[in-house]
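Chemist: Residue strings, one per chain:
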Amino acid sequence: GENVEQHPSTLSVQEGDSAVIKCTYSDSASNYFPWYKQELGKRPQLIIDIRSNVGEKKDQRIAVTLNKTAKHFSLHITETQPEDSAVYFCAASMTTDSWGKLQFGAGTQVVVTP
Amino acid sequence: DSGVTQTPKHLITATGQRVTLRCSPRSGDLSVYWYQQSLDQGLQFLIQYYNGEERAKGNILERFSAQQFPDLHSELNLSSLELGDSALYFCASSVQGLNEKLFFGSGTQLSVL
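Chains as they are written, first to last, in my numbering: chain A, 1 to 114; chain B, 115 to 227.
There may be inaccurate statements among the hints.
[Claimed, not checked] Only part of the chain B face toward chain A is listed, based on derived beta-carbon distances under 8 Å:
#	residue
1	G156
2	N165
3	A170
4	G172
5	R177
6	F178
7	Q181
8	L197
9	F204
10	V209
11	N213
12	G219
13	S220
14	G221
Hints listed in this document are in silico derivations from the structure and should not be mistaken for laboratory results.
C-beta: ideal position from N, C-alpha, C; glycine also.
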């Protein structure tokens, strides 16, 4: 089955700096890579996703890049703000028999200090 | 509010007991997923249903079972509970269940004492 590794486990950045979280996946058949943000005590929420036919996707201050050859994908947050402090989860999924099964990474605790 | 409703929000029980967690998906969503979140293991996929049928299975223990009813709500049954089953259990739903955005409920915090 799919295995997703996520690094780093914690990330402290100064407000205004950039944050980068990296994930690797094991199954070359994976074709869907979402990122979820979970604030303390709240539910995970999708912030951006990318599919295997795209190398990069951007939405305001966040961007995701995908390298299918190397089987890794990354989340980039620019101009970080205190409200970006949360746990971020990457995930990978492949469609087998037309059904996706998301496997999440272990999460990255991001702390943005003013 | 994601539109996914989970009950109860908190559950405290003893080892060996059985509990049922309930989830109502967003209106129009046909697929329901169950995830377990513990401190040391992140979000673990348990099981997925689509329109009443099981579609994908993850690391779900034999002591756990789930089903999706004709009205599309789902229940996760946990039996012979152990201390290690203490975790936050999330339900999520999506329209079709085919690599798309998941909408998570607020979770049920299970404490096994």
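Chemist: Each hint should be assessed against the structure and marked as holding or not.
Modeler: A quick look at each hint next to the structure:
For B/G156, the interface hint holds, since its Cβ comes within 8 Å of a Cβ in chain A; the closest pair sits about 4 Å apart. Restraint check, B/N165 versus chain A: the minimum CB separation of about 12 Å is more than 8 Å; hint violated. Annotation: B/A170 was flagged as interfacial toward chain A, and the flag holds, the nearest CB pair being 4 Å apart, inside 8 Å. Of the supplied interface hints, the one on B/G172 holds, with its beta-carbon coming within about 7 Å of a beta-carbon of chain A, less than 8 Å.
Checking B/R177 against chain A: minimum C-beta separation of about 21 Å lies over 8 Å; hint violated. Proximity of B/F178 to chain A is violated relative to the hint, the smallest CB-CB distance being about 16 Å (cut-off 8 Å). Hint status for B/Q181 relative to chain A: violated, with the closest Cβ pair at about 17 Å, above 8 Å. A hinted interface residue such as B/L197 counts as satisfied when its beta carbon comes closer than 8 Å to some beta carbon of chain A; here the least separation is about 22 Å, so the hint is violated.
Hint on B/F204 holds. Least Cβ distance to chain A is approximately 7 Å, under the 8 Å limit. Nearest Cβ of chain A to the Cβ of B/V209: about 12 Å, over the 8 Å cut. The hint is violated. Hint status for B/N213: holds, given a least beta-carbon distance of 4 Å to chain A, under 8 Å. Nearest Cβ of chain A to the Cβ of B/G219: about 6 Å, under the 8 Å cut. The hint holds.
The interface hint given for B/S220 is met, as the beta carbon of that residue sits about 5 Å from the closest beta carbon of chain A, less than 8 Å. Interface hint at B/G221: satisfied, since its Cβ lies 6 Å from the closest Cβ of chain A, which is below the 8 Å cut-off.
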